[in-house]
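Engineer: So the chains spell out like this:
2 protein chains.
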Amino acid sequence: MFILIVGGTELGTIPGLSAAGSNPEAVAYTAPADAEVLWKGKPQIIDALPVDPEGHPTPALISRAAYLEAGFPVLIVRAGTLLPPTVPYVETAASPGRDPRRGKAVEEAFSLWEKGKMLGEELSKTQNCLVIAESLPGGTTSALCVLRALGYNGMVSSAFPHNPIPLKEKVWQEVSSFQGISYGSLKGAGLKAVESCGDPMQAVAGGLVEGALPECQVVLAGGTQMLAVSAVLRHQGYNRPLFVATTRYVVEDKSAHVKEIAQELGVEVYSAPLDFSHSSFPGLSDYERGFVKEGVGAGGAVWYAEKLGIPVKTIISRVEELYKNFSP
Amino acid sequence: MFILIVGGTELGTIPGLSAAGSNPEAVAYTAPADAEVLWKGKPQIIDALPVDPEGHPTPALISRAAYLEAGFPVLIVRAGTLLPPTVPYVETAASPGRDPRRGKAVEEAFSLWEKGKMLGEELSKTQNCLVIAESLPGGTTSALCVLRALGYNGMVSSAFPHNPIPLKEKVWQEVSSFQGISYGSLKGAGLKAVESCGDPMQAVAGGLVEGALPECQVVLAGGTQMLAVSAVLRHQGYNRPLFVATTRYVVEDKSAHVKEIAQELGVEVYSAPLDFSHSSFPGLSDYERGFVKEGVGAGGAVWYAEKLGIPVKTIISRVEELYKNFSP
Chain A
1 MFILIVGGTE
11 LGTIPGLSAA
21 GSNPEAVAYT
31 APADAEVLWK
41 GKPQIIDALP
51 VDPEGHPTPA
61 LISRAAYLEA
71 GFPVLIVRAG
81 TLLPPTVPYV
91 ETAASPGRDP
101 RRGKAVEEAF
111 SLWEKGKMLG
121 EELSKTQNCL
131 VIAESLPGGT
141 TSALCVLRAL
151 GYNGMVSSAF
161 PHNPIPLKEK
171 VWQEVSSFQG
181 ISYGSLKGAG
191 LKAVESCGDP
201 MQAVAGGLVE
211 GALPECQVVL
221 AGGTQMLAVS
231 AVLRHQGYNR
241 PLFVATTRYV
251 VEDKSAHVKE
261 IAQELGVEVY
271 SAPLDFSHSS
281 FPGLSDYERG
291 FVKEGVGAGG
301 AVWYAEKLGI
311 PVKTIISRVE
321 ELYKNFSP
Chain B
1001 MFILIVGGTE
1011 LGTIPGLSAA
1021 GSNPEAVAYT
1031 APADAEVLWK
1041 GKPQIIDALP
1051 VDPEGHPTPA
1061 LISRAAYLEA
1071 GFPVLIVRAG
1081 TLLPPTVPYV
1091 ETAASPGRDP
1101 RRGKAVEEAF
1111 SLWEKGKMLG
1121 EELSKTQNCL
1131 VIAESLPGGT
1141 TSALCVLRAL
1151 GYNGMVSSAF
1161 PHNPIPLKEK
1171 VWQEVSSFQG
1181 ISYGSLKGAG
1191 LKAVESCGDP
1201 MQAVAGGLVE
1211 GALPECQVVL
1221 AGGTQMLAVS
1231 AVLRHQGYNR
1241 PLFVATTRYV
1251 VEDKSAHVKE
1261 IAQELGVEVY
1271 SAPLDFSHSS
1281 FPGLSDYERG
1291 FVKEGVGAGG
1301 AVWYAEKLGI
1311 PVKTIISRVE
1321 ELYKNFSP
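Residue numbers (the working numbering), protein chains in the order written: chain A, 1 to 328; chain B, 1001 to 1328.
Careful, some of the hints might be misleading.
[To be verified] Calculated pairs, SDA-like style, for lysine to any residue (alpha carbon to alpha carbon, straight line, at most 25 Å):
#1 A:Lys104 x B:Thr1086
#2 B:Lys1125 x A:Arg318
#3 A:Lys125 x B:Cys1216
#4 A:Lys125 x B:Leu1322
#5 A:Lys40 x A:Val312
#6 A:Lys42 x B:Glu1121
#7 A:Lys42 x B:Ala1093
#8 B:Lys1307 x A:Asn128
Hint data in this document are derived by calculation from the structure and do not stem from the laboratory.
Model the full structure from these sequences, guided by the hints.
Structural biologist: Shown next, in the form of structure tokens:
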């Protein structure tokens, strides 16, 4: 089963931080619209496909292409979006993550973890595999804060071709000073880190992984946001193998340190061999130039589809076809 | 997978109609508390176990006993409860059913059906079996209205030992006159019947059944409320086999016409051979005297557990044990 956790954090509205919306006002619609694109093929909460500020389309198209080709089941879990998706979703009663420069980020981190655990246990009883994905604008910055608080020095990735690293580091500095935490000061307290400076997706995703029965394979589908979830799990004492599936755009992102952080965490990484360099749509071929990179579990959806016998080429063609229908 | 749909209708607050609460004010808590009892073992939204006006416990104890013994997965779907359960649930964005003597009962009947279909399709991809249960106080009366509108003459069951038939018939008369419908006037328009005089559970449950892939066995877990869902399906053109699993208390209810309606609808009925006559708890042994009878998919949960190799005796003992922990 492919589980898409849609969530939000106030960090997503800081100008220049998140590329998951054409502008900061559009960001609130991105995650619910991604759920709709994945499951129904088009956004319902807004008229247009979610795009970044330069018009590149949401990676939900990749996840949808994999879903259509492979026929795996999807389930949407809402963890703190401002607006609900119009498709059915599992409600966790999370609030959007607060800006950790001004307050506790996720007051209900512990209860969200418990709810994730309950769901993970039930769903894993009859699934071979749970692929856990996210759509949470601003999530690489909450990932950075959690990684820093837990003592990891590497840089997270970005949906911009030029990673706004100074801005992210500035947020962490302000968070550190407001929350009274410092590099590594929350070691061994993964959920405390989420509570103080993370986002609600991290709590729910971590709980899902912990709750899943050992006979069910669990895949964290995402880039550095899922490395942050892995870090939370490790610092909650989770010592089973962890597997993150992402795209080659994230793994090859020279501004980030995916391999290094993964190695420190004892996490195996799969890198989906996507290639849109021959696409006739600039919106897609620009993925090769560092735009968008990952999201909505695109890399994990490719992994899942491959496992079910679908070649990556088939998915790439399907993405082209889907995108064509959105083009003017 | 055992799917519990929790819902509501304003009919549940008419004095004397529903036994799913110690009094009409308590009725709003019953369905969410049932979800909590099933999944967590105790209510969280209120302090005490849901009981009928004479103190008999919710049949959620039976469903929970089967869940614990058989280890099947559960999922809660919310379809119009006033209050949300505190456990995770799938949100369908249904409003509580309106009193059909004063307005359309379920304005969003068609979209709820679609949402049920979407969920049924996804979940059935990796499940051998979907057991669809309900907790909806007042639901036998909305069931009666739907059956009448679709042209079925039999009487529905009741959680009271003395079925308040005159009151239910009076409601139908008033509904008939307010809605401008009569016996059989909505034949061939199952969802129209739900829209006009049913409840939101009926729409979601029917959609789940229609959406499920043919290779997945579907079981409607409930008494005459699930016969109403079956009628809706038949009048929406559904012609695959239908299977209703309920308790012997419902099947043996002389005030109702379970077998007759089932036969007219071409529905196979399973009757769970529960027996609390030897229970030392009057709350349970009174089930043999016609109190409570069914709910929270108790009969279907027994069917499911039996299918997974658990004898009914084991479930009965477990119910005793669970109830003991709630007794003063």
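Engineer: Please write out, lowest number first, the hints stated earlier that are contradicted by the structure.
Structural biologist: Violated hints: none; all satisfied.
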